[in-house]
Structures are given as C-alpha cells and as structure tokens.
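Once you have looked at the hints, place chain B on chain A.
2 protein chains.
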Amino acid sequence: MSYQLSCVVCVPRAIWVQPTTNHSSSKSDRAQRIEYLTKIPRSVNLESLQNGYLFPEISMRESEYAQRNPHARLIRLGIGDTTQPIPDIITSAMAEQALALSTAKGYKGYGPEQGNRELRRAIAETLYQDMQVKENEIFVSDGAQCDISRVQMLLDASLSIALQDPTFPGYADSSVIVGRAGRLNAGNGKYKKIVYMECVAENNFFPNLSKTPRTDLIFFCSPNNPTGSAASRQQLEQLVKFAKANGSIIIYDSAYAAFISDESPKSIFEIPGAKEVAIEISSFSKFAGFTGVRLGWTVVPEELLYANGYPVIRDYDRIVCTCFNGASNIVQAGGLACLSPQGFQALKRTMGYYMENAKILVETFESMGLKVYGGKNGPYVWVHFPGLSSWQVFNQFLEKAAVVTIPGIGFGPAGEGYIRVSAFSHRESILEASRRFTKLI
Amino acid sequence: MSYQLSCVVCVPRAIWVQPTTNHSSSKSDRAQRIEYLTKIPRSVNLESLQNGYLFPEISMRESEYAQRNPHARLIRLGIGDTTQPIPDIITSAMAEQALALSTAKGYKGYGPEQGNRELRRAIAETLYQDMQVKENEIFVSDGAQCDISRVQMLLDASLSIALQDPTFPGYADSSVIVGRAGRLNAGNGKYKKIVYMECVAENNFFPNLSKTPRTDLIFFCSPNNPTGSAASRQQLEQLVKFAKANGSIIIYDSAYAAFISDESPKSIFEIPGAKEVAIEISSFSKFAGFTGVRLGWTVVPEELLYANGYPVIRDYDRIVCTCFNGASNIVQAGGLACLSPQGFQALKRTMGYYMENAKILVETFESMGLKVYGGKNGPYVWVHFPGLSSWQVFNQFLEKAAVVTIPGIGFGPAGEGYIRVSAFSHRESILEASRRFTKLI
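Keeping their order, the protein sequence lines are chains A and B.
Residue numbers for the first sequence follow this note's numbering, so the first one is 1 and each next one is one higher.
Residue numbers for the second sequence follow this note's numbering, so the first one is 1 and each next one is one higher.
If a hint is listed, it holds; no wrong ones were tucked in.
When chains are identical, the list treats them as one kind, so a pair holds in a single copy or across two.
Here are the simulated SDA-like pairs of lysine to any residue, each with C-alpha atoms no more than 25 Å apart in a straight line:
1. 108 / 356
2. 108 / 75
3. 105 / 426
4. 39 / 132
5. 211 / 38
6. 105 / 427
7. 190 / 156
8. 266 / 302
9. 105 / 92
10. 108 / 336
11. 266 / 36
12. 193 / 157
13. 193 / 179
14. 376 / 417
The set of hints was computed from the structure by calculation and includes no laboratory data.
Chain A on its own, in the form it takes in the complex (with noise of 0.2 Å):
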C-alpha cells in the first residue's frame, strides 16, 4: 500500500510505503499535521530498501491471523529466537559483575571498546585452538548483526559484493544501506549490484564457484542460516582459493557453528592461508541463548592486508574506538562464563536439545514426504515444496495449522519454493506443530 500527501510535491523515486513499526497514522491525521518540511533529501541508499523487513510482514501476518481467530494456539517456528533458560553458572557470573558496580572496588567504567583481554583471551583459545588466531584480532562487540553494519562501514561503499542465495537478509539490507547493492530488480527481486550465488538441493547448497564473477567481498554464511547446511573443509578450501585468486574479501559469518556435528569446519580459520582473506563475524547468542543479552565478536586476522598493504586490522580497530564503545562489562563476564569448561558443558546440552527437536521436525517432514535439507549441523529445518511459492506454504501452515515458519523466499530468490522452519523452540512446541503438520496430508 502507498500513500501521499496532497501537500508534498512527491519526488517520483519516493516510494511511500506501509511503515513496518507503529509509527503510522491515518492518512487524514497527517495531513492535517503537516506544518513544515525540513530541506533535507532523504538517503538514496534508504530510498533503496526493499519495502518491508522479512519479520515485520510476518509479524503482520501472524497478528491478522490472531485477531481473526482469537482462541487459536499459535505456534511460532519463524523467527531463530532462543527459548531455553540461560545454565546458573552464567547469569550468576553475570549477576555478580552487575553486584560488583556498587562498590568501590568492583566499579568499573569504559573499558577497552575492543573487549576485556580475558575474554578476548578465552574466546582464542576455546574457540579457535590450533588455529593461530590471536587475542588481539578479536574485537568482542554486541552481537553479529552490529559487527556486520561494522564491517560495512569498513570498507570503501565502492566495492562489489557476491551473497549465498538464499541467505540471511542482513547482509543485502545492510549493503543496501551503504550504497553498495543498487537499486532492486521487482521483477527477480535482486539488487542489481549484488552477485547472487545460488546455494540450492542440485549444487548441495553450495555455489559453482566456476560460473561466479569475481567480486570483492563475498559473503558467506557456514552453517547458512536458513538452508542448516554447513559447507565442507572440501568447499571451503575452494572458497578460500576462489577468494585468493581473486584478491576477495571473505565476510564469513558462523553464528551457528557451535551446532555443527560433523567434520565441518567450526571456523573458516580452520582453512590454511584464510587468515590472509577472510573476516569472520560470530555470536553468543544462538549457542548461549545470549540473543537478548547481547554479545559477538569478530576476528580481523593481522594478516589480511589491503591491496596497498596497510592492514585491515588497524582500520578495524579505528571503527570500533569511533562507532562503538565496548560491549557491556556485565555481559563479558556471562561471556567469559560461557567458555569456562562447566558453562561450556551446560551450554552443550542445550544445544542437544534444540538439535532434538531439529531431528523431529526432519523427521516429520520425511515422513510426510518432502524433501528436507538442514538440522543436523544448524537449528534450521529447510523443507521443499516443488511447484508451490513460499508465501502459499507460510499461509498453508499458518492457515491451517496454527504455525509460523518463514517463506524461504524472504531470504533470497532461491529460497522460493522453500520453508524455513526453526528448532529454537520448547519441546511441546514442536511436538504439537509436528502433530498439526502430519494431520495436513
């Protein structure tokens, strides 16, 4: 839906859209309201986002479906967000940093805006063993989707970018954001300046590397959020090849890493000579339950060099003392909790769980038929349903089953077809959503 005033003169790129938030008003209300214009054009970049963020027009949809069936029980599997308690010895650690700001001892201000040496320290040395990352080259900060809009400030707007397809949606939004994605092709729904590289059942969800153009920054997801598949140290060291021959930047992002079960690499770091092309983005909240807490980190190896030689570290560095300033003290110390050999433990049998209910929601859909991808190295079940739009399936299942998943389309062009359905959820949950998926056939 599109509105306008009659007292603007509408600039023909300015789309007025739905607003997404709460911040609409009836058309009538505004207009009267109206007194002054200020000069300012707004972003050409903005002007540029595609219309309406992927949760919000769930979110839109899931409120329209409660009103119009007020005594329904709604069983939300879209959005990846974390349900299970967060284990004792963490928020106690937590708990106690906080006591810890009362006193006159335990009061601490700034601290260094690239995170506390300790946990900087522990997150090198449990999470990235034997593979020569340093503490110095991680930058702790408040999670994986800030550290991405970082590292789009990082680098010159100019630069070309290749994505996964499908994919988590920040990474376009946020290019988009910085001028660097162009303007959006309606008709395939792909920005004109992003390549897309398209990660389906028939490549393993994996790209042909061969038929890809070369760009200067490629995005890459392991385990990719939403198809659950993480690549291979096989795929990988193509990727780290194909970027090298290329002069490229690897952005890659393992939010989801600490879900993997197999020989997948946990890391791209993982992958001799990475150090000199990569950036890897990661996150506490998934595998810590931290998505309310807040705390990422990202790791800009010394070795990775701009084309001139100066090093991509030290530009780094400057965007997070100007930009940022730390995350919070009290979050670090649930941090470093995290990685301490009992938190760790803990940790992993809630991981077990929500990779229990991923086995039951394969299971399901099996069972039913169809064809799945994901859940057993990532906490996202990816199920194909050939000949069928993504949107028709999400409103299938809401329709008649009561459940949010997520169109697959909403993550890219080559998600048509598909469903994304997440595993964060509590057992009952998943249990009755399966019950209500088998009844459908």
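Structure of chain B alone, referenced to chain A:
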C-alpha cells in the same frame, strides 16, 4: 612516524601511520611475514581520518611518562570516565534480571530492537515531561557514541555538516568515516567540507549564527564536551530558528543534560518547534555511571520530515532493525531502575559529588589567576592559558604535577590554548591534583 614495506608499491595517498593500538610489530617482522595482498583498496574515507584518535595519543604520552617515572602517583583527570559505584537499587535490578534468565518463566530472547516498552515509556515520562515526546519516538541503544554512527548511516553521505568548535571528536570522526567531511587540511586542522562554528569565551561559547553558513546537518552538544557550558533557552531558540530558516536537521547531544544546575534546557525539545528540526541523542553513561554498562537512547520525532515529506523516524527504525539488535535486556532493567524515584534520587547524590569536584577544580584554577569556564552545568572544567599551546600545558601538567588532562586542541582548532579537566574522579584525587596545581605557580 611512518614506515613502509619494501615489498609493497606504496599508493601515494596511503601514508602508513604508527598504529594507535597493540597491533603493531617491528618493521623487519612484518616484512618477513607478508606473503599475500588482497586486491581491495583501503576505504578513501578511512584514509582521510586524522592520524591518531585523541585518547590513544594521550594514553601513549601517559605510558611514556609512567615508564620514565615509575614511582610517580599519576592522577587521571583526562578521559571523562565515571568512578563512583552505581547505587544498589540499580545493580540489584540488573542482577535480578540476569538470574531470571536462568528460569523457564523469566527467560527472554530477542526484545524489540527499539527497546523495551517499559523503558521507552519511563524515559518519555521521566525525562521528557511536558515536551510531548512519545514513547515510540524513543529508540533505546547501547550508548550515544554508537547512536552517532547510526544517525550518520541514516543520513545521505552527500549532506553538509556544521560542528561546534571545540566539541567531542566523535562527530567529526564519524563524519569522515561516512564520507561527508572531505580531506583534512593539515595547516589548520580542519576537514575541508565541515563548517566549524567557533565557541570560545569571547562569544560565550555559543556560535555566531549570523556568520554561520547554511549546512544540511548541525551537530550540537549541550552541555558541551569539552567546555562544560550549557546553551541557554534563548540561545537554543536561536539555534532552532536558524535550523528552521535553513531547512537543516539538528543532531543534538544531551549526554550531560542531567548535570545542568541552572535554568538551561535539558533537552532541545523544550524549545517550541524543535520536534520539526531535531534528533536528540542521549546516554545513561555519565549520569548513571553506565560508561561500562552501556545504555543510551535517541529521540526521533514523528514531526521530523525529509524534504519530500517522508518521516525520518521510519528510516531510523529501519536502521535500528537492520544494523542493531537492541540493548541488552539486563542493562535495560538497570535503566528502568535508574528512572525510578529512588534510583534517580540516588543518582542525584552521585552527580552532586562530581559537581562538588568540579567546584573544587574551578576554585583552584581561579585561585591561580586563570580564566575558568564550565564546571557549573557540566562535569568538565575548561581552563584558558592564553599564549600557550594546549599540548604544552598538557605536558607541563603531566611532567610537573603528574596529572593527566586533555589538551583543548584535541576537540577542535578553537580549543587551542585551553585544557579540559574532568571532574569524574575520586574526591581525594581531585584534592591532591588541586594541591599540585597550586604549587606550580
């Protein structure tokens, strides 16, 4: 100091500078190690960023001094970092929220990116009484510095800007990073595309707007960091009128507003009509001692419209949803406690302590026959040393009194001849520093 590698063809504009952090290694080390360069050019914007961020430079001089004088008792009145414990009522709320995350009932995942409704409402009701600021216009964040960058991402890179001179360096630095500052003129220390609005004793620290050229954006900090001076109601009325006549947007930083002791406005939104021309960024860092805890907010009024009538708030909402994922839920619980009657009362006592420090500093410098500004509406004291350079004064205070301050020129060319002294310290340090300063005469 600059250095370069023999194996690298040095692009002329790429001047290699001494790193400001610990990522450096010796020349021979690096030369041996470099085996591969990507083909990615360094961002033109980051190349334009002035060598050495102020605070790392000060740290370096401080460390050098400490090495030369291992027994000196250094007093740090430089960086504006809080030192007093946070009241129990606030840390208890955070501890309680942390522990609740270990329970099935109390666990929470992602919160709204814009902040929890309760906190947004409390900010609106407590800090924006009678200003018609609505809760949905408040975006809770992890701090003002982070929000400055998000506002920079919001607004088109081609827009022109004006800054107070002197002021917090983050406005200029983040402007450079997004590409709206142009090149640095090494001769006068100014970026070519920035309009510097001189704020010195002669104009009562408020710019002469009749001589200020029109810009699209105006960053304005009040009480200003570093001068400690708050703009009066009449001055802010002039500023709003000026912005309105020019169709500009004011980005108003009120991070120190809670320290105001006279009738100066605590928010730009106390000025009628400001909602049509201003965004306000603020923070819990200073008034609640949250520098390491991380919490802030930004107000984007619904009435603020681009030239084409599109509401700025909708784009800011997209920025927040795409580039940020909300402030920590534990920290937000602390923010809510800060705004409770008891919490706010306790914080007032801490602010009173810092302002008593400021009074001691003002009296000390006045007793030395110096012209002293600030210290009444803000926790910074701004001392004038006509005829001396501010780095000279900095060095004198460091070498002869073992006190770290900040040279005024670090905040802009018009800060030359001044130093900033922070009142955010322990009382005994303030008293000891005062004794040492007095002895210098």
